[in-house]
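Participant: Take a look at the letters that make up each chain.
2 protein chains.
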Amino acid sequence: MAELIGNLLVAQSGGPTAVINASVAGVITEAGKHENIEEIYGGLNGILGILNEELVDINDEKRSTIEGLKYTPGAALGTCRYKIDFKKKPEKAAQDMDRLFEVFAAHNIRYFFYAGGNDSQDTSHKIHEEAVKRGYDIRVIGVPKTIDNDLPFTDSCPGYGSVIKYNSATVMEIGIDAGSMATDSGSCYIIEVMGRSAGWIAAGTVLAKRGDAAKPPHIILLPEVAFDEAAFLAKVQETVAAYKYCVVVVGEGIKDKEGNEVGADKTRLDSFGHPVLAGVSEKLKDLVQERMGFKTRIVLLGYAQRAAGHFASATDARNAFACGEAAVRAAIEGRTGYMVKIVRQVTDDGVITWGTDLQLLSEVANVEHLIPREWINEAAFLPNEKFLEYAQPLIEGEIQVPMEAGLPKYAVLEKVAVEKKLPARA
Amino acid sequence: MAELIGNLLVAQSGGPTAVINASVAGVITEAGKHENIEEIYGGLNGILGILNEELVDINDEKRSTIEGLKYTPGAALGTCRYKIDFKKKPEKAAQDMDRLFEVFAAHNIRYFFYAGGNDSQDTSHKIHEEAVKRGYDIRVIGVPKTIDNDLPFTDSCPGYGSVIKYNSATVMEIGIDAGSMATDSGSCYIIEVMGRSAGWIAAGTVLAKRGDAAKPPHIILLPEVAFDEAAFLAKVQETVAAYKYCVVVVGEGIKDKEGNEVGADKTRLDSFGHPVLAGVSEKLKDLVQERMGFKTRIVLLGYAQRAAGHFASATDARNAFACGEAAVRAAIEGRTGYMVKIVRQVTDDGVITWGTDLQLLSEVANVEHLIPREWINEAAFLPNEKFLEYAQPLIEGEIQVPMEAGLPKYAVLEKVAVEKKLPARA
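Order-wise, the sequence lines are chains X and H.
No gaps in the numbering here: position 399 of the first sequence is 399 in the numbering used here, and each next residue is one more.
No gaps in the numbering here: position 294 of the second sequence is 294 in the numbering used here, and each next residue is one more.
Hints were generated in silico from the structure; no laboratory data involved.
A couple of the hints might just be wrong.
If several chains are the same, the list does not tell them apart, and a pair holds so long as it fits within one copy or across any two.
Here are the computed lysine-lysine pairs in the PhoX-like style, where the Cα-Cα straight-line distance is at most 25 Å [to be verified]:
1. K409 <-> K215
2. K235 <-> K255
3. K295 <-> K88
4. K386 <-> K255
5. K420 <-> K283
6. K283 <-> K295
7. K235 <-> K283
8. K257 <-> K295
9. K133 <-> K88
10. K386 <-> K409
11. K92 <-> K283
12. K295 <-> K89
13. K235 <-> K87
14. K257 <-> K235
15. K92 <-> K386
Work the whole structure out from these sequences, hints included.
Facilitator: Below is the structure:
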């Protein structure tokens, strides 16, 4: 095993989750056990902050703060949606890489851990390739993170279990409320959740049904299934006829048969060049009200769903922490250019144990994992038993977040800056 | 004290809350202690179900189910938005009253408890007046309930503490998430909460700040304060300049200087004749994006906020239960035509104890309690210290909801029907 002595840098990227900090806590905790790792630094706001040489010294953080990261939502180190884009902006990308390795060298960074989703794993992969090309000795390991659950190879993505636990509880509660107000005139409730091209988040709310067809959600619209207006309205009608009300969960990115996003505002793009979505629930509401005359109400969970630390999944948080630990162990063992993945093992009597393994970043980057077609019962507008079997274990267990005067008491990093050694970024 | 022997009927009305069932549990628990109360019935879907003689026998419910009502959201007996409207529909209203007293007489109902908000207290008041006029011996006591917190005389309304606890946690969590993504280009987050004419719910989210000006929410827009577009945009600009992001909480019913609701769709009315509101957050989003160019995201909590039993306030739930108990005790003592109100007592060393008292329904009905003007710091777009002092105690304490396979396990009534004795309603 090749020995490598130097400093560690951990950073976060992309949209935060309820457990992304648990992975950072895992990295920090494991790093403390290895003498080859000298200093533990955090990079502020992902790659963007690192390019600006904005590093903080984790050794200046209280132990209780690191412990608190296990249940604190948001990205404690700050995050970014910055892409090193060799295809569209090759010159800028080459400059960025030069700068990045200047920062690495200036601070003797030999271990780099980047927690993020598809785009961030791609960034990690590029950094790994650059390091090889440049002959700069560094171990680069991607830590999986995304509520979207669309990273390939891993059983699930840290953040996903928590978002579907919170969303399922929310759908259950809205359903109880809505059901208790149901009248003969019929009503419809549309709950919009995140999920641009993968329907994992929307699908996960099927857990709220607890196996009872009468219980919400009655209809789940997934980006993987082409939106059929007539079939949808017929299903709403059928549901209201049966139960007097209908709860619909819709993933923000559902598309019609032509592949057009039902809620897309094509005039605006995010920094990765994806169209910004908004308004699918408004569109469905107008449709149901105009065509069927049912009173219709919307809930748009937005950032609330991915930040709901007060109702995160203990299983998810444990797996997130384990991914951080595993990333450091792998690097210490000499691995680089890998992403940690979660592995589920089921014993003969159905007991699940969770472990981790590694997958080459080259195989992970930019591959999007959608819900398997055979897990969706299209006619019923619902994921089926196979999906349930997969998703149920991910929401097990509750984290006890400490409370202060009636509200969660989350951890906040001191963020003591590491002294800069380079001139400011050009 | 006049003795009155007979049956009890309890029902729920209007929009549910996280703790409306706790009040029903209080009624049932207290009723069990008094021999003068023979049968305990629940009326399904409020007045509407009672008119249809849809009563259920509470004695057929398990004790554990009644216990479970203390933490179960929604209206366990069902609810309605039905108004006995003597002004607009005098003939129909007279028919309804005749029918109601037929049902009361047929089932020897001598104790009637109605949990609801302003409109429902008005209904209770009318029933009380009718009983006096008809010489039908019944004790009618209103039980307060509304997330809107706009009933007069009571310290607070059961349901309010829970909605602001959940909303504050949500604003805090969204703020942590949003803050960790903040970049120099600036971003804005608009969280729309309930509150048609009273801003209590929006104001309550100020608790998420924990006294720190830098923390969200940075701006709270209340229906009580005329919306000033220029001042709002200036405040957003100032906030983004200071913190790179801005979290705005807006009550759905904010109005401009002319009194027009910013988010009103005047073409639709609910069954009480109020305009249905939708879209104030969309309007603010468009405004901020167009005028300031900040990336803007919306969260629309809708029914999720009032049904969030998984994060209800223990103080609120206890007060809700106590209101139910107090209603029965008052009726047993011979009172009728009253609403129970919550009374707060503060000792010299600042310890708060909660009690109940009674207020004449004639004084309560249709009076709307808004936030006192001196509790709002208009220039700062925030409620002030006086509001904080009022609201903070209402969110104290957490209810431990039993969990099953990762989700709350809420109580469901068996709803065993009481045999009908009357012909169907005309």
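Participant: Check the structure against each numbered hint from earlier and tell me which ones fail, lowest number first.
Facilitator: Numbers 5, 8, 11, 13, 15, in rising order.
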